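Taken in sequence, the protein lines are chains A and B.
Residues 1 to 568, numbered by this note's numbering, are exactly what the first sequence covers, in order.
Residues 1 to 108, numbered by this note's numbering, are exactly what the second sequence covers, in order.
Check before you lean on any hint, since a few could be wrong.
Residues on chain A that point at chain B, a partial pick, calculated with CB under 8 Å [to be verified]:
(1) D99
(2) Q102
(3) E190
Listed next, the stretches of chain B that the computed footprint assigns to chain A, with coverage defined by at least 3 CB atoms under 8 Å from CB atoms of chain A [to be verified]:
(4) 18-32
(5) 57-66
(6) 83-89
What the hints contain is simulated information worked out from the structure, not anything from laboratory work.
Note that the structure is predicted; figures quoted are calculated from it, not measured.
For each residue, glycine too, the CB sits at the ideal point set by N, CA and C.
So you can see what is in the structure, the chains are spelled out below.
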Amino acid sequence: MASSGSGASPLGKAPTGIIGFDEVTHGGLPRGRPTLVAGAAGSGKTLFGIEFLVRGATEHGEPGVLLAFEEAAGDLATNVASLGFDLPQLEADGLIAIDTFQLDPADFVETGQFDLEGLFIRLQLAVESVGARRVVLDTIEVLFSALGNTAVVRSELNRLIRWLKERGLTVVITGERGVEGGNLTRMGIEEFVSDCVVVLDHRVTDGLSTRRLRVAKYRGSLHGTNEYPFLITAQGFTVVPLSSLGLEYEASEERIGTGVAKLDEMLGGGIFRGSSVMVSGTSGTGKTSIGVTMAAASCARGERTLLMSFEESPAQLVRNMRSIGLDLQPWVDQGLLRIHSVRATAHGLEEHLAELHRLVDEVQPSLAVIDAVVSLRRGGGAHDTASVLTRDLDLLKSRHVTAVLTALTHGPDAESSDVHISSLVDTWLLLRNHESDGERNRLIYVIKSRGSAHSNQVREFVLGEHGADLVDVYVGGHGVLTGSARVEHARRTRAAETARAEEAQRRRRALEQRAAAVEAQVAALRADLEAEREALERVLRAEAESADADRGDRSAQVAVRTGVGEPS
Amino acid sequence: MSEGWEGADVGDSGAEWELRLYVAGQSPRSVRAIENLRRVCDEHLAGRYRVEVIDLLVDPTLARGDEIVAVPTLVRKLPDPVRKIIGDLSDTDKVLVGLQLRPPGASS
Chain A
1 MASSGSGASP LGKAPTGIIG FDEVTHGGLP RGRPTLVAGA AGSGKTLFGI EFLVRGATEH
61 GEPGVLLAFE EAAGDLATNV ASLGFDLPQL EADGLIAIDT FQLDPADFVE TGQFDLEGLF
121 IRLQLAVESV GARRVVLDTI EVLFSALGNT AVVRSELNRL IRWLKERGLT VVITGERGVE
181 GGNLTRMGIE EFVSDCVVVL DHRVTDGLST RRLRVAKYRG SLHGTNEYPF LITAQGFTVV
241 PLSSLGLEYE ASEERIGTGV AKLDEMLGGG IFRGSSVMVS GTSGTGKTSI GVTMAAASCA
301 RGERTLLMSF EESPAQLVRN MRSIGLDLQP WVDQGLLRIH SVRATAHGLE EHLAELHRLV
361 DEVQPSLAVI DAVVSLRRGG GAHDTASVLT RDLDLLKSRH VTAVLTALTH GPDAESSDVH
421 ISSLVDTWLL LRNHESDGER NRLIYVIKSR GSAHSNQVRE FVLGEHGADL VDVYVGGHGV
481 LTGSARVEHA RRTRAAETAR AEEAQRRRRA LEQRAAAVEA QVAALRADLE AEREALERVL
541 RAEAESADAD RGDRSAQVAV RTGVGEPS
Chain B
1 MSEGWEGADV GDSGAEWELR LYVAGQSPRS VRAIENLRRV CDEHLAGRYR VEVIDLLVDP
61 TLARGDEIVA VPTLVRKLPD PVRKIIGDLS DTDKVLVGLQ LRPPGASS
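Please construct the entire structure, taking both the sequences and the accompanying hints into account.
In structure tokens form, the structure reads like this:
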């Protein structure tokens with residue numbers, strides 16, 4: 001067969017069970033090989049190792065051994081108990097064996113040749129006691145500082161790695177991060193561990209911490225090369241992959257209403273289910289109101305909705321929304337609406353992401369409103385914010401959650417959103433204050449709406465006692481008219497129309513009167529004419545009568561003259 | 001397996017010095033360590049000591065008790081405080097300093 005050519009079998013992988021990490025590494029750590037996890041103090045190395053062991057033992061049927069060189073067993077157990085790991089119980093169940101080494105340099109007065117056989121013996125004992133498939137050495141470099149003889153430690157570490165490989169153990173070796181630009185680890189133990197290297201980083205920028213993980217090397221395997229934010233949460237270690245490595249979202253054809261009928265019209269019937277909407281605008285333009293209106297519309301459809309606010313407390317939000325006729329309380333009570341308020345600065349960005357993950361898992365919303373994403377900038381730099389928002393959107397999209405983000409913009413250049421996520425969203429509504437005639441009015445534009453024929457017109461956005469509504473604005477020679485100016489313009493227009501109508505009426509009446517007058521004249525003339533005709537006829541008749549009379553006289557005269565007929 | 005020996009005239013009250021030597025098997029290094037220890041004890045602690053030799057290949061669970069990493073390791077259990085020195089004990093000066101039988105820097 002084709003695959004038999006090289007005779008090499010694909011690299012086996014041992015799932016770590018760490019959320020996100022197995023995705024980034026396409027399956028986990030190289031099975032049967034050592035992996036170096038390097039990071040500065042407090043970067044989460046030990047936790048990574050312990051979670052790898054705990055998940056292996058509890059979820060993948062692979063018991064494990066922890067050799068701890070830095071912390072006492074009791075401290076370790078306490079430190080990870082808050083993450084839900086019960087090490088003493090796992091030890092009692094025979095799933096995990098822990099051996100701690102307390103190395104005091106004063107104990108290592110060197111009086112001649114030695115090796116680290118004691119370490120091997122203890123490791124072997126632990127491995128055999130639980131039938132371990134996984135081993136964590138945390139942090140083995142301590143040996144270098146404890147024992148002055150680095151040549152011996154070096155060769156013994158080499159032997160240790162061989163020993164572990166021979167037994168097919170999947171190993172995590174933690175190492176202290178070296179100084180910048182130098183070795184990956186302080187003592188250069190990456191020399192021994194050449195298969196896989198994971199670097200953990202804990203940065204503090206602007207007083208806020210962000211944790212990052214990078215797979216620096218993974219021999220024989222594809223792996224994501226980005227820096228991934230990771231979190232240490234109550235559920236343990238969580239790596240947040242940029243899942244849009246593949247843009248494989250299902251695209252819904254279903255449109256859902258925004259709760260503002262005229263806005264739906266502008267958008268060609270509403271927004272697509274599962275798409276993302278950004279509502280941006282300067283302060284006080286009604287972003288939150290639009291966002292909450294959408295949330296309310298979702299609740300009204302009987303769908304679970306998540307409202308994450310960085311600016312207002314749930315109670316404050318509920319109260320404020322009442323002023324525009326939106327009563328959220330019933331939905332909160334019914335469990336349809338979950339309002340989660342948190343100060344953006346309370347967490348680093350990655351905690352925010354973790355929280356969103358947790359909330360989405362918990363609430364299973366069909367629509368989520370995040371108000372306002374710009375607040376996140378206080379939790380990190382602009383670049384980080386964009387990256388976190390990308391992940392927010394990815395998370396929501398992958399769960400088919402319709403996402404509504406509100407974003408604050410500053411200044412006149414309102415079309416470039418501060419957080420540079422405009423290219424990521426499907427629909428972008430821009431709210432703008434229009435100031436004229438001593439008042440500010442809100443305008444709404446649909447800047448883009450992917451997959452929809454959308455209106456290119458601007459509407460005035462009115463917040464009243466009955467919620468949000470859109471009104472057609474007057475666009476004319478004097479520019480866009482809004483608010484009182486719009487009303488005034490409307491009034492003037494109406495007055496002018498009335499005047500025109502009255503004028504027409506008047507002229508019509510005048511015409512009618514004139515027509516009547518003409519009619520009358522015509523009638524009078526006709527009457528004259530009639531009278532003349534009658535007079536003429538009378539004359540003619542009289543004429544005819546007198547002619548007859550003449551003829552009778554003449555015959556009588558003839559008879560007289562001739563004596564005929566005329567009595568004598 | 002653990003073997004041991006003690007100074008000839010240690011009484012019932014117990015030895016003033018209690019030493020434990022951890023080795024791994026009968027390697028030349030182990031043998032050398034035992035020989036070196038015997039010599040140091042005879043020369044400096046005659047009659048005041050008890051030595052226990054522990055072979056970790058035979059009894060690996062004992063390695064944890066005294067936090068053994070390097071082999072050979074000599075542990076001074078008594079007198080207090082516990083002291084450990086590693087290696088095959090061929091550097092007698094360092095052994096004496098390590099056991100606090102001689103202040104550091106002094107020569108024999």
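**Report entry** Supplied contact hint for Q102 of chain A, tested at 8 Å Cβ to chain B
**Finding:** OK, holds: Q102 of chain A within 8 Å of chain B, min 6 Å.
Query raised in the report: Does D99 of chain A pass the interface hint, meaning its C-beta sits closer than 8 Å to a C-beta of chain B?
Result: holds (7 Å)
Query - 8 Å C-beta test of the stretch 57-66 of chain B against chain A, three or more residues - result: This one holds; 5 residues, not fewer than the three required, reach chain A with a Cβ under 8 Å.
Query - Within 8 Å of chain A's CB atoms, at least three CB atoms from the stretch 18-32 of chain B: coverage verdict - result: Result for this restraint: holds, n = 4.
Query raised in the report: According to a criterion of three or more residues whose C-beta lies within less than 8 Å of a C-beta of chain A, is the stretch 83-89 of chain B covered?
Result: holds (count 7)
**Report entry** Hint validity - E190 of chain A Cβ closer than 8 Å to any chain B Cβ
**Finding:** Where the cut-off is 8 Å and the nearest Cβ of chain B is about 22 Å from E190 of chain A, the hint is violated.
Hint 3 alone, counting from the list given before, is not met by this structure.
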